[in-house]
Amino acid sequence: MENEVVVTGVGMVTPLGATADETVAAWEAGEEARREPIEALSGVGVTGAEGFVLPRFDASERLGRDRRMIKFMSDAAVIGCVAAREAMNEAKSRERFAPERIGLFAGTGLAGARVREAIPMVEASIDDEGTFSYGLLGERGLAATNPLLSFKILANMPPCLVSLLEGIKGANLIFGPWEGQTGAALVEAWRAVAEGEVDCAVAGAADFASHPATYVYLHHAGLLHGDGVPAPGAAYVILERRESAERDGRKIHGRIAEVKVTTSADTVSDPLVSRLGRTFAAAPAILLGLAIRLGWPEARCVGADGQAFHARLEAVR
Amino acid sequence: MRRVAITGCGVISPIGCGRKAFFGSLREGRSGIGPITRFECGSFAVQVAGEVKDSFDWPESVARVAAVDRKVGYGFTACIDALGDAGMDQIGENTLLHLGTSVETFDLEKLVYKGKLDLEESVRRSLSDRGSLFQVPLDTTARLVTEQYGRPGLTLTNCSACAAGAQTVGHGFHEIRGRRFEKAVCGGFDSMVNPLGVGGFQLLGALTTDNGRGERACRPFDAARAGAVLGEGAAVFVLEPLEKAAAEGKPILAEIVGYGSSLDAYSLSAPDPEGDGAARSMVAALRDAQLRPEGVHHINTHGTGTRLNDEVEAKAIRHVFANGWERIPVSSTKSMTGHLIGASGAVEAAACLLPLLEGVLPPNPCLDKPGHGCELHHVVRSGHPFEGDTVLSNSFGFGGQNATLILRRHDG
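Chains as they are written, first to last, in the numbering used here: chain A, 1 to 317; chain B, 1 to 412.
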């Protein structure tokens with residue numbers, strides 16, 4: 001039994017539901033998430049310029065007294081923090097483990113601050129001839145910029161905000177921006193728990209691939225072929241050794257018997273895309289969360305980085 | 001557990017490209033910091049940085065991206081140099097490729113059309129011109145390297161800000177030690193010396209505006225320190241099992257013996273004032289190396305030159321090395337290179353090779369008088385001999401990510 005790694009918490013924010021329970025229930029009911037035209041791209045004539053959308057939910061309520069931190073967060077960071085909070089609450093990780101013994105292993109997507117947040121900076125930097133001027137950026141554009149914008153585009157900030165809000169102080173790794181990278185974060189989390197580097201790992205990712213600027217890049221790079229409609233999504237799982245979960249009487253969703261990321265010549269594949277969209281960096285975490293909750297024997301996807309994530313799962317009796 | 005050797009190293013830095021030039025500047029305490037020339041910065045409060053002075057003959061595929069995002073070219077070149085140094089002409093299934101950096105580069109000019117921010121038009125133009133890069137993803141360098149050298153068993157892009165470079169090396173070390181790979185190509189690359197990078201950090205108040213100090217603008221641990229100076233560059237290492245490399249007669253630059261990481265969970269931009277996170281990172285690395293504090297003979301600090309960071313790091317070092325910190329010589333190479341953000345941990349690990357290979361310590365030439373709370377055994381002058389065998393390098397990142405590496409001289 002020693003070194004068996006089990007999942008004791010799952011948190012999710014996906015187009016199918018604003019919690020893990022909602023997402024699981026919607027999946028079991030065969031629902032498809034809602035998609036909408038991406039407003040900022042309407043009229044541009046981009047084929048398929050639509051994205052899946054999240055159900056309405058109140059992030060302030062979900063984050064409680066930490067709602068004051070939302071102003072520092074990108075949209076991806078908000079849903080990542082909400083998902084991580086849900087997972088931590090379910091596993092009661094804060095109450096059971098020393099902060100130094102909790103690790104954070106996360107994936108993060110393409111940077112995607114809201115375009116409107118850059119408007120004051122850009123417009124203050126346009127010269128008389130109508131072109132962008134870096135001289136004017138220094139002279140008045142920066143003064144018109146919300147200093148918090150920097151926190152929203154730094155790649156490591158969504159997971160670091162999880163660390164800050166949840167008091168996680170242990171070993172850590174952050175990879176990005178595609179599916180295989182989050183897969184690798186999940187592998188590292190599993191290994192850190194199995195080998196005793198940490199007692200508990202908070203592992204997952206958040207991505208907001210339906211942001212207009214992100215959409216432009218994904219389309220440009222040919223990553224939205226076929227049914228690749230972009231979607232926002234986040235999922236975090238709590239991994240710990242079976243021994244601690246049983247000792248503390250925690251509900252065990254399942255055991256991760258094996259997890260790996262390998263180079264793959266296969267085309268991009270994600271079993272979730274038709275029903276909740278392409279969540280890119282978040283996909284392996286959502287997939288693992290759904291799989292462990294639904295009792296699937298495995299979770300597998302191939303990412304835009306040409307790497308395959310594969311987890312073999314077992315029920316624990 | 002098997003031992004891990006560094007068998008290749010490529011360095012691109014403001015104080016020289018290639019190990020020989022880099023070591024030469026480090027040895028002499030020569031600064032690479034000066035007025036920003038990459039863009040017209042006259043209207044910016046911050047006007048100094050550590051720029052890479054060399055020019056590069058990049059392949060077309062690299063040059064096209066580097067024209068928008070120079071750090072990609074630096075990372076690519078450092079990889080090539082490291083692979084060449086280790087005698088590798090291809091990357092295979094038994095190799096981990098793990099590169100780290102900080103933030104994507106955006107081309108704001110492409111958002112403006114006829115005098116206003118026009119996303120629709122920028123989309124239209126972007127889609128009609130596949131060569132037009134609006135956003136450069138962080139894994140671009142790794143993709144270009146694999147196109148040239150072949151696909152590794154696993155490709156990772158680490159985005160742990162200022163801790164990224166050190167994390168890649170530490171992770172690569174653990175992967176080789178744990179027998180999951182036979183080779184690791186790992187390191188960091190970055191350039192924030194662009195209007196958005198300089199402007200963004202200026203907004204956060206992290207950079208010195210003491211432009212008149214020129215090459216002495218970055219003053220880690222000094223009483224008059226006034227903030228960090230951005231730099232640019234890359235360092236990439238090839239790691240292999242030590243016994244195997246030795247048996248094959250490969251030159252071994254150093255042995256990696258320990259790695260640790262931690263999180264502050266204190267603030268997005270400020271370090272824990274008690275230095276708890278920094279101390280735990282060092283303790284984790286010592287534990288990983290099965291080493292007592294007195295086994296460390298030199299420290300290369302994170303040493304950014306910001307008031308709070310330096311004081312906190314000094315406090316953490318004095319706490320961890322309570323029984324003898326006065327005897328451990330401490331260098332702060334950002335005084336010469338500037339802060340290379342996602343590349344800093346890797347470039348500073350490369351700086352640690354100087355004492356191990358040549359028996360001399362890099363100085364902190366801009367330190368006139370240690371600031372309050374910054375008391376350590378600072379190496380100020382060049383030419384300070386080093387007779388120990390074990391060095392420790394700290395990297396502490398925005399967001400509270402900390403990483404520490406421990407390297408040892410190989411006398412085999």
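Calculated from the structure, these hints are not laboratory results.
A portion of the hints provided could be inaccurate.
DMTMM-like mimics (lysine to aspartate or glutamate), calculated; alpha carbons at most 20 angstroms apart, straight line [as the list claims (entries may be wrong)]:
1. A:260 - A:4
2. B:116 - A:66
3. B:114 - A:123
4. B:110 - A:123
5. B:116 - A:39
6. B:114 - A:243
7. A:260 - A:197
8. A:92 - A:61
(message) Let me make sure I understand: some of the numbered hints might not hold for this structure. Which ones are they, in numerical order?
(response) 2 and 6
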